[in-house]
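So you can see what is in the structure, the chains are spelled out below.
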Amino acid sequence: MAQKSEYIQTETGNKVSRKSLIIGSQNIILGGKTIIQAECCIRGDLRRLVPQGQSAAAVAIAVGRYCFLSRGSLLRPPSKIYRGQFSYYPMKLGDHVFVGEGSVIEAAVIGSYVSIGKNCVIGKFTIIKDCVRVEDGTVIAPNSVIPSFSLVEGHPGQVTEELPETAAEILELKELYKGV
Amino acid sequence: MAPKRSGATSSTSSTPLPPLSIDPTAVLSDAISFSGIYPITIGANSIIHPRCKLNSSDGPIIIGANCIISEKTHLIAPDIDGLVLGDFVLIEVNCSIQAARIGEGSSAEVGVRLGKASRIGNNCTLSPLTTVSDRDFIPDLTVIYGENQRRIDSSGTGIARCEIILAHIECLKKLLPNKAEKYNR
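Each protein sequence line maps, in turn, to chains A and B.
So the mapping is simple: the numbering used here equals the position in the first sequence, first residue as 1, plus 92.
So in the numbering used here, spot 163 of the second sequence is number 148, and the numbers just go up one at a time.
Bear in mind the hints are in silico, worked out from the structure with no lab data behind them.
Given the structure is predicted, the values throughout are model-derived calculations rather than measurements.
Accuracy of the hints is not assured; some may be wrong.
[To be verified] Cβ-Cβ distance ranges computed for the label pairs, FRET-style: (1) A/Val201 x B/Ser140: 52 to 58 Å; (2) A/Glu264 x B/Ile65: 52 to 58 Å; (3) B/Lys158 x A/Ile219: 27 to 33 Å; (4) A/Glu267 x B/Pro9: 52 to 58 Å; (5) B/Asp66 x A/Glu267: 31 to 37 Å; (6) A/Ala154 x B/Lys101: 39 to 45 Å; (7) B/Pro9 x A/Ala260: 50 to 56 Å; (8) A/Lys270 x B/Arg136: 48 to 54 Å.
Don't be surprised by glycine CBs; every beta carbon is placed ideally from N, CA and C.
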């Protein structure tokens, strides 16, 4: 099975493609059973700069369980100037987060059961709450907050519809993990 | 776009690198791919993230001082007149740049596509996924947003934006390992 050998499986069941680009892996936490496909890029090296004397912030990117990062997607911690100091800030993904092909994520927090389509751009410091679907090609502006149970689409991305209460069941990714 | 095998060894070990002139204060990450035959110049304090592709097959590439070029960006010189980036240019991830010139203080955000020999003025902002057609000219201070809508930025914040870029470069210099000597021969 040529397909199987494409992935390296970790102890917690993460499957990471050999062709993915993971930089600064010491600053990345994968919750387990997460799939990272080929040509994905995760920038763990862009970590928070802390003033001297404080303990270093260790985590740049935290990913929950059963996440799926499709081919060519990119996770990059957001950056800004705060109190005269330019720094990158940590990014946190919940469980069952699907990231479509070629999407670029610079969000601060993404909740659980979030599905992001192909070629989306999630702007810096965006907060996406639980149970959200982002359609293909959406551009979410920096610093936006997307409430739970929303469907977001467009350029700039806007909430166009509400998802049903059963959305979490539809957006669950356990079956997808078993299929790889 | 041919798929590339491995990042770390891809800096064209089989084919020769184009003539490079890299300022000693510039920071180049690992796994940058240089190709082509015309010279590539990188100015002072400029930062190039990993997995960038610079192709000078058809003309020279000149990157000014204090520029930031993010990962997965392709810079392709369109013709013999080459591609010139001014100072304080910020290029975000996934861009494909075939422009002739990008003016000082301009920024191209995620996934911007600049057509062949297009010209971007000074202090322009191109919002994510903007496409500029071939040979188009974007005047100074233009902001392109939404579905190719344009307006003029009259806020006069150009100098403040340059200061942010300087702070950004200072931060990246602490975070990124400098592999410039790998490309200098």
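**Prompt:** Can you name, in rising order, the numbers of the hints this structure does not satisfy?
**Reply:** 1, 5
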